[in-house]
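Got two chains here, separate frames each, mind docking them using the hints?
Listed below, chain by chain, are the residues.
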Amino acid sequence: MSTGTATNAAPERTTKAATAPYRALARTLGTGAPVYALLIVLLLALAATDPGFYEPDRFLAFVKRAAPLVILAAGQYLVIVCGEFDLSVGAIVTAGVVAAAEVYGTHPGAPWALMTAGLLLAGAAAGLLNGLITTVLRVPSFITTLGMMLILEGAVFYWTGGSPQGRLPEDFRRLGRDTAFGWLPWAVLACVVAGVLVALLTRSDFGRTLVATGDSERAAHLAGVRVRRVRVLAFVLSGVAAALAAVLVGGFSGVSAQAGRGYEFEAITAVVLGGVALGGGRGSVVAAMAGAFSLQALFTLLNLQGVSGALESTVQGVIVITAVGLGAADFSRLRRRGHPPGPPTAAPPAPATPSRTHREGHPHDPQP
Amino acid sequence: MTRSRSPRPRRRPTTPAAAAVLATALLAALTACSSDAPADAPAASGQNAGHSAGQKGDSGDKPSKFFDRVEYDRQLTLSGLTPKGPAAKPWEQMLEPKMTDTARYRKKGEGDDVDLCFSNAGVFNPWRQVGLKNMKAEAELHDEIDDFTVLDAQGKDDKQISDIQELAGNKDCDALIVSPNTTATLTPAVKEACGKLPVIVFDRGVETDCAVTFINPIGGYGYGAVAADFLVDEVEPKGKILALRISPGVDVLETRWSAAKLAFDKSELDVVDVKFTDGDPAKTKSVVSDAISRHGSIDGVWMDSGATAVAAVEAFEDSGADVPPITGEDQQDFLEAWKDKKLTAIAPTYPTFQWRTPVIAALRILRGERVPEEWKLPQPTVTEANLDDYLQDGMPPLHYAMCGCQKLPGFPGAWGGKK
Numbered sequence: 001m002s003t004g005t006a007t008n009a010a011p012e013r014t015t016k017a018a019t020a021p022y023r024a025l026a027r028t029l030g031t032g033a034p035v036y037a038l039l040i041v042l043l044l045a046l047a048a049t050d051p052g053f054y055e056p057d058r059f060l061a062f063v064k065r066a067a068p069l070v071i072l073a074a075g076q077y078l079v080i081v082c083g084e085f086d087l088s089v090g091a092i093v094t095a096g097v098v099a100a101a102e103v104y105g106t107h108p109g110a111p112w113a114l115m116t117a118g119l120l121l122a123g124a125a126a127g128l129l130n131g132l133i134t135t136v137l138r139v140p141s142f143i144t145t146l147g148m149m150l151i152l153e154g155a156v157f158y159w160t161g162g163s164p165q166g167r168l169p170e171d172f173r174r175l176g177r178d179t180a181f182g183w184l185p186w187a188v189l190a191c192v193v194a195g196v197l198v199a200l201l202t203r204s205d206f207g208r209t210l211v212a213t214g215d216s217e218r219a220a221h222l223a224g225v226r227v228r229r230v231r232v233l234a235f236v237l238s239g240v241a242a243a244l245a246a247v248l249v250g251g252f253s254g255v256s257a258q259a260g261r262g263y264e265f266e267a268i269t270a271v272v273l274g275g276v277a278l279g280g281g282r283g284s285v286v287a288a289m290a291g292a293f294s295l296q297a298l299f300t301l302l303n304l305q306g307v308s309g310a311l312e313s314t315v316q317g318v319i320v321i322t323a324v325g326l327g328a329a330d331f332s333r334l335r336r337r338g339h340p341p342g343p344p345t346a347a348p349p350a351p352a353t354p355s356r357t358h359r360e361g362h363p364h365d366p367q368p
Numbered sequence: 001m002t003r004s005r006s007p008r009p010r011r012r013p014t015t016p017a018a019a020a021v022l023a024t025a026l027l028a029a030l031t032a033c034s035s036d037a038p039a040d041a042p043a044a045s046g047q048n049a050g051h052s053a054g055q056k057g058d059s060g061d062k063p064s065k066f067f068d069r070v071e072y073d074r075q076l077t078l079s080g081l082t083p084k085g086p087a088a089k090p091w092e093q094m095l096e097p098k099m100t101d102t103a104r105y106r107k108k109g110e111g112d113d114v115d116l117c118f119s120n121a122g123v124f125n126p127w128r129q130v131g132l133k134n135m136k137a138e139a140e141l142h143d144e145i146d147d148f149t150v151l152d153a154q155g156k157d158d159k160q161i162s163d164i165q166e167l168a169g170n171k172d173c174d175a176l177i178v179s180p181n182t183t184a185t186l187t188p189a190v191k192e193a194c195g196k197l198p199v200i201v202f203d204r205g206v207e208t209d210c211a212v213t214f215i216n217p218i219g220g221y222g223y224g225a226v227a228a229d230f231l232v233d234e235v236e237p238k239g240k241i242l243a244l245r246i247s248p249g250v251d252v253l254e255t256r257w258s259a260a261k262l263a264f265d266k267s268e269l270d271v272v273d274v275k276f277t278d279g280d281p282a283k284t285k286s287v288v289s290d291a292i293s294r295h296g297s298i299d300g301v302w303m304d305s306g307a308t309a310v311a312a313v314e315a316f317e318d319s320g321a322d323v324p325p326i327t328g329e330d331q332q333d334f335l336e337a338w339k340d341k342k343l344t345a346i347a348p349t350y351p352t353f354q355w356r357t358p359v360i361a362a363l364r365i366l367r368g369e370r371v372p373e374e375w376k377l378p379q380p381t382v383t384e385a386n387l388d389d390y391l392q393d394g395m396p397p398l399h400y401a402m403c404g405c406q407k408l409p410g411f412p413g414a415w416g417g418k419k
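Quick mapping for you: the protein sequence lines, in order, are chains H and W.
In terms of our numbering, the first sequence is residues 1 to 368.
In terms of our numbering, the second sequence is residues 1 to 419.
Since the hints were made in silico from the structure, they are not lab data.
Where a beta carbon is used, it is the ideal one built from N, C-alpha and C, also for glycine.
Where hints are given, some of them may not hold.
Simulated coverage check for chain H against chain W, where a stretch passes if three residues somewhere in it have a Cβ under 8 Å from a Cβ of chain W [what the hints assert, rightly or not]:
#, stretch
1, 75-86
2, 242-253
3, 258-266
One side only, chain W facing chain H, incomplete, derived with CB under 8 Å [what the hints assert, rightly or not]:
#, residue
4, Pro126
5, Asp280
6, Pro281
7, Lys285
8, Val287
9, Ser289
10, Ser293
11, Arg294
In isolation and in its complexed conformation, chain W is listed as follows (with noise of 0.2 Å):
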């Protein structure tokens, strides 16, 4: 993952004897600042789970405080249904949509021009970076549109907070996307907008329905499920698994390790090791490198986000041993090192193609037409199997493959590849 760092002083250095503070600081800032976490970030969650993952049998269906029963039931139930739409084009398809009237929304007079505007969270990362492409890819193919405004939170929540009201409050936006920095912080913003626009809020949440539609994939227990599936499948029983994720207390990834708890509770694989990357290759093939050493070998690696899987798989390779079964995620260097390497993987994705569905969801609400009340998208797969239909030569290594932008204007060059 990328991050755009930014430590600015706010203070004016004040005492020399702060020296020693800004060592300590500093070094807590190495572990406690690398995420956008929410504030009530439970830092101990992950190392909890780490702990009672060994013990067979206890809690198995409490895995984590942000486990929700019901809310995994309802993502494995839907991964396993056909979506509605065309199975082309995945970001149109729609899993057991409510559908929702828009005619009070409906622009008055055909053929007008649609202005567009968008509230990103930010660009912090390649997932994101490669997002927003397809967005404002997907934004050139209407004609329709005359302008599509985007404010870039830069990752802070009073910086998105502001850009909404920016928006929300200027006549020349027609509807509003909300790509939602952190849930709790952004909600009344998000309220506020309502009242004004017709507003789409898509990848996280807030905690109001107050929006036309929320637009997402099935979710993280559909991702760790399925990662957590493939290694009891494939690693014999006792055998001993390293989860690797990214930091505490995010949602999205709670979700991921929960329903993976959830699925080696259930198994007979001994998750020896529950640790934090950062998200940073380097500490990765650390982390990796250190667990091999320690327990004598690793049958199997969990990911809850495959940006660091590449490191990971070096640092078997570094240290000798063969490359367990792993999984990782749709992004161009795991899928070809999985090609080139002859890896035993798999690759659950949280698809960039999401990007595209927010604008023609707007679109479709300006005409009018009824679009579902949350628009939950489908979550495929990247497996042996089909892993030659993602892997695209000549895309750059942090590219995601599931960006459904192969036949938008300006591919491959657009998003860095070569033709």
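Extracted from the complex, chain H is given alone in its bound form (with noise of 0.2 Å):
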């Protein structure tokens, strides 16, 4: 980071020294911007809300409400950055819940270490395959993890018939559920823990690389950068990310053949809050772990705000537009406007892949 040179300036270059703090603050939050701001907002309507939000036992549970969802945003990152989707995290959740369920229902004594590692491990291999089909036989990662999606979920309601068997044991819970040191629930210690990895990760070479894959594919190829390789790497890590949200939700909640419902879009629409440029490229991970907190929180103030029914999806919507309106945004382009008519500098980076979605009417009836 040129941080640390950019505020010691040399003196004579006073002009520039002005606006030097300005830029490294907004180079280090980067796109990211919005979401910060938008964060704060919503936590401070929150504190106006309902002043006990921060006593720490209620934050706290806060924190770990939003902990699956802000390791989804952190696979999903590393996904969207390079350049792909992944559709499938939802699925991969709700199936990794009911597998759990199934196998404690056969074997009630297992482990409960094993069985997180077996989730952990099969959460992978979903995502192996998601990365294997994308890159080798081309398809693109839409459908590739929308494939993967409707597989899952036709194998969890296939081998469940509707209703998951097993019961998931107190100790396999605990992860979801309970405390650590009697305060600390360990959700947010995992979530901690994941989203400092990830973090770590993206700073690394591997991260770059991820980046530099998801804003040219061809140049980072020319650059030697193993295109394929990183990419199957970051679905992987997205699967391995969507079996630990699994463990967190499954803790959580229970036995449910609905558990993952809907994760895959608040994960990428966390990442979108968090200015991650669809189609990669651009933004960072942490700013899409904030755009998790920021759904969540949005999520908590419209409850406590007692917005009910369809009107909540109503403001929902104006509040995701207006972020990702501003996150989109590139101001530098506007500004460029007024100077004399050159060549192109930088291109916006260009969302290639396709992102739209037509989601149905869940054939869920309310009815019992």
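And the structure:
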């Protein structure tokens, strides 16, 4: 980071130095600036709505609730920033919860650590499959992961007939439900650890090649990046993140054949909120995780405000469009318009991946 | 509740700019698509109910536009009556039956094999899963049933319309059982089928009485009132009630809530929140935790459907509060939690044994025996007193105790249970 040199600019360059802290700040925050602002606004709004919100217990409970989404957003970031999509994470969460319940149904004494490790491995396998199909068979990831989502959902339905049979024992649920040291929810700990690991990962060589791949696959390839391998690895990590989320979600709310419902979209929304360019090549994972927190804060705020039913989604929609609009706006281009025309410098990263989806009404019957 | 999600990209992705739209659509979809609510679902009804619920004495007799005073009174009367028929077989019982003649449907030739056909709205939640198992097992009981065809509409009106047309036009169907996905949309298809063969409608209704019989339990008002009256009895006056609903605009659920609201309005209880949970345990848990922290405490929980009752119970446990009186449903996990945790609870039911009745009705109709025009089944309630009668160990968490399936072939294995 060049932050240090910029702020310690030489005295004779005072005019530049005056704007340097701004630039340094902008560079540090990157495209995520709007999401941090949004998060702060939402957290302030929460404080105003409910003065007790920042009591340690309650705030930790909030973080605990956000943890699965944050982890999913971190995984989704890795995939999106290298130019792909992972729509299968919600289905992986569902499949993970149901599979754990079914396995515990037949082997009630299975140790929780083994079960968790097994789930993480299975998540990695699903991600590996996604990655290989996308890179080797050149199926657009949008389609690959959509297919994976349908396959997993169908498999879960076929396996369980819609009602999972087993139950999750207390020790397996501890990670999603209980606290360490009597005050720190395990889920928060898992979330922090996963977050730090991913943040470190994105600062490593791997992280840079990931972004380079998303920015320009060809350039990255010419520069010696093994594009396929990088992308496959991103999918694998996303699968692992989804499996970890499954452990947390299953622990938090127990057996449910719809545990991961909508998580894939929430995760993508969180990443987009974090200012990460769809199509790849731009954005930070911390901002993506902040996007997940913002989303959770928004849900909580709407709930506390008593916004219900359809209006809730309307409010969410407005806020998300505003945030994404601000995040996607390329202000530097606006500024450049004032200059004499010249050869285009850095073209804004073009979102290359098709991203529109249509989500049908659930064929869900709210009637018992 | 389970749902078989199948989001499909109907349109080819066009512009990358749609990315932002995606994000919004997703979010909107999260809440909006969570039900197959009829198109005219009044989204705000729940909210209105929520706001007015806290104000005593207003519109006490008009809780919601779904409220039908006559039907409400009728259901409450029915709840107090003793049904006709064998007490050990509630699926054969009937309340205040008006019998109708079915001689014209009598199948020529005694001892002929019967081919039954069933157009099912779908099996997208555990309640329907259990129900369909009941129905199939009931069909197995009768040797005269040669073939039992089930078409699954997967929760889609258009598919069910073509399913019904296919079955009604099929010479192999002697009678057609329909569990409609939605009321208004399926009405023309059922009307058309009525002209071709005897039709039996059950579970949800259609806007025509052309079917030979319409089978359902007492109904939503009965359900909602039982649960609300329990809380009125158990919770101290001024107690704070949290009402949890799945989603707005579905008649069975709206009637449950409107009956409960009427009871709460008359009482001294304070309904502090009316929240939608989409039937999702994680969301339920969040909603309940938020309510506890916002109001300091919650003294009673009313639910329009008990599938997420255990999540609500856990929310109290996790926040360190005692579980207040709570209403649930006859789902196995809730009954187990009730017993293990010694909850103060009640479970009104929408019994899954009603899935057995259409098969019985179809056979009676094809024999030319009289059946009720509207076959109203009893709607038992699980209480502290009879909890042990209904709770059966070894059943899966999403099983429904009121299945009436204990003596059916294949029980408990076919229902996912262990001996």
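Right, here's what the structure says about each hint:
1. As drawn, the stretch 75-86 of chain H meets chain W at 0 residues by the rule of a beta-carbon pair under 8 Å; below three, the given contact is violated.
2. Three residues within the 8 Å Cβ limit are the bar, and the stretch 242-253 of chain H against chain W gives 3, so the coverage statement holds.
3. Residue count for the stretch 258-266 of chain H with a Cβ under 8 Å from a Cβ of chain W: 6. That meets the three needed, and the coverage hint holds.
4. For W:Pro126, the interface hint holds, the least distance from its beta-carbon to any beta-carbon of chain H being 4 Å, beneath 8 Å.
5. Interface hint status for W:Asp280: upheld, as the beta-carbon distance to the closest one in chain H is roughly 6 Å, under 8 Å.
6. At its closest, the beta carbon of W:Pro281 sits 4 Å from a beta carbon of chain H; the interface hint therefore holds under the 8 Å criterion.
7. With a least beta-carbon distance of about 5 Å to chain H, the hint placing W:Lys285 at the interface is held under the 8 Å criterion.
8. With a least beta-carbon distance of about 6 Å to chain H, the hint placing W:Val287 at the interface is held under the 8 Å criterion.
9. The criterion of a C-beta within 8 Å of any C-beta in chain H is met by W:Ser289, whose closest approach is roughly 6 Å, and the hint holds.
10. Among the interface hints, the one on W:Ser293 holds; its C-beta lies about 6 Å from the nearest C-beta in chain H, closer than the 8 Å criterion.
11. With a cut of 8 Å, the hint placing W:Arg294 at the interface with chain H holds, because the nearest CB-to-CB distance is about 6 Å.
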